[in-house]
Amino acid sequence: MAEQVPIVNYLALGDDPHLVAHECTSCGARFFDRRNACASCSGRDFRDVELSRQGELRAFTIVAFAAPGVPVPFVAGVVDCDGTSVRGNVINIEPDPEHVKLGMKVKLATYSLGTDDNGTEAIGFGFEPV
Amino acid sequence: MADDVWILGIHMTKFGKHPDKDTVDLAAEAALAALDDAGVTMKDMGVLAAGNLMAASAGIGQQLQKQVGQTGIPVYNVANACATGATALRTAIMAVKAGECDMGLAVGVEKLAGAGLLGAGGRNKSDEHKWEPHGRYGAVATVDGRIGTETMPGVFAQVGMEYLHRNQYEGTEFELFARISEKNHMHSTLNPLAAYTKKMSLDEIMNDVMIAYPNTRPMCSANCDGAAAAVVVSDAKLKTLDPDQRRRAIKVSASILTSDPWEEACQILPNVNTLTRNAAKQAYEQAGVSPEDLDLVELHDCFATAELVHYDNLMLCKPGEAVPFFESGATWRDGKTPVNVSGGLESKGHPIAATGIANIWEVCHHLRGEAGDRQIQGAKVGLAHVIGLGSACGVHILEKAA
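Taken in order, these protein sequences are the chains called W and X. Numbering follows the numbering used here, with no gaps: position 82 of the first sequence is 163. Numbering follows the numbering used here, with no gaps: position 178 of the second sequence is 590.
Be careful, since some hints might not be right.
[As the list claims (entries may be wrong)] Some chain W residues well away from chain X (every beta-carbon gap over 10 Å; in silico):
1) V89
2) D114
3) F127
4) Q135
5) R139
6) E175
7) A190
8) D198
9) E202
10) P210
[To be verified] Label pairs and their computed distance ranges (CB to CB):
11) W/S107 <-> X/G741: 45 to 55 Å
12) W/D96 <-> X/V621: 17 to 27 Å
13) X/Q482 <-> W/S107: 50 to 60 Å
14) X/V621 <-> W/P210: 40 to 50 Å
15) X/Q698 <-> W/G109: 30 to 40 Å
16) X/E675 <-> W/Y192: 46 to 56 Å
17) W/R125 <-> X/P673: 38 to 48 Å
Worth flagging that the hints you see were computed from the coordinates, not collected in a lab. Each residue gets a CB set at the ideal place from its N, CA and C atoms; glycine is no exception.
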């Protein structure tokens, strides 16, 4: 089986793909990128926490016009995963306001971005309707 | 508390396409006209603060001096995203307040006509060949379009949609936001300096090119060229000037700049709400006025979806009630709190670094009673607001001389 890499380092692959955040051990603030110190309390220690795969769509837009090379239309959104906000696309849905609704329940889903010249497969993520 | 600071002279160029002028020409046009409006010269200036975001490293301040007067004064070249103009003005105000000089000049200029979609870097074609992690997220591919959107119309669409979700809105979101744009385009018909001055019907707005739902093209700020400049003066110096200069001077009752405090989700979607509310609170307190006292407001409608949330953030309405406030007609030019009578960024245009001073120019124009056909009668107090993503928020409250 070809080697797999996640699109970003906060996506953990395996049998049960999920997102991982760096959580400040002092105040509990969560970040997806590495932080030198916590933006909320300036604490310097973090631990990795696994995020819920379930969420609620809190905001979205349907992008019809994007930079060259970005396929449109696509649905971009903010998903509240049990109190942690996650940015991601809403996938496996018709990209129109009749199907995409504020407050809809969604869950994490992964998909292939294709393989590179070395045969490595990149895996992306999005949120699909429950 | 330091003495009051006043705007002695102010000018904005026509916003639109200026193919025959470069940024220095536009900045010089605005600066010289602001000096003329103030009845002073470069020799009177003790400080110059200038911004040109798209060429932030070029030193627009010094470039401008070479066209209008190299007097050796300190120059501050500022960059603060879409709040660059307000930051330049605030820098000049701070220098005067600190007592370092008694007059200063602030200038903002941008050449943006035809710039297209802002915020999107596009995809590197070669990123499909080898998946290698880059940057703080270890991304193996461009994330724009794969993990949400980085384009401004999409980011601000989500800002507006998030507000509706938070406040349990159950109506037709697309039409609601399009109606805000309809208002601003109607207002622009009275502003000869606006980039676009055409009335647009609700149908025309909703059936125009979709950029990022619910924002169609006329619901997005117009990329264009333009410049604006202001001369500020200390209270003590103003008292020594001619009666006519004193009569037209506009008091800066509050000058505030904030950045966004950390909140959950601010790493996901820029939070333009809290820093605006914080700036507004400080501004009302500093000026000793309340939102009900405002005769007009120029706020940062970079997209129709953004205008709505700022009604609430600037406390023009009760918390959570931006929709009924708008639907009451309050923000039309004949309403209780006219908002963006200039036409706003959606029609007047948004030459980034000029915007934060042009908004102030609009308010001053009304307070001086010089706004012609679009004059808000008897205007005495106004507020100007800008947001730069990242984020920075500038709020100024201006008052007519007593």
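Here's how the hints hold up against the structure:
no., hint, result
1, V89, "violated (4 Å)"
2, D114, "violated (4 Å)"
3, F127, "holds (13 Å)"
4, Q135, "holds (17 Å)"
5, R139, "violated (6 Å)"
6, E175, "holds (13 Å)"
7, A190, "holds (13 Å)"
8, D198, "violated (5 Å)"
9, E202, "violated (8 Å)"
10, P210, "holds (16 Å)"
11, W/S107 <-> X/G741: 45 to 55 Å, "holds (49 Å)"
12, W/D96 <-> X/V621: 17 to 27 Å, "violated (44 Å)"
13, X/Q482 <-> W/S107: 50 to 60 Å, "holds (52 Å)"
14, X/V621 <-> W/P210: 40 to 50 Å, "violated (28 Å)"
15, X/Q698 <-> W/G109: 30 to 40 Å, "holds (34 Å)"
16, X/E675 <-> W/Y192: 46 to 56 Å, "violated (31 Å)"
17, W/R125 <-> X/P673: 38 to 48 Å, "violated (19 Å)"
The structure is inconsistent with the numbered hints 1, 2, 5, 8, 9, 12, 14, 16, 17, although it conforms to all the rest.
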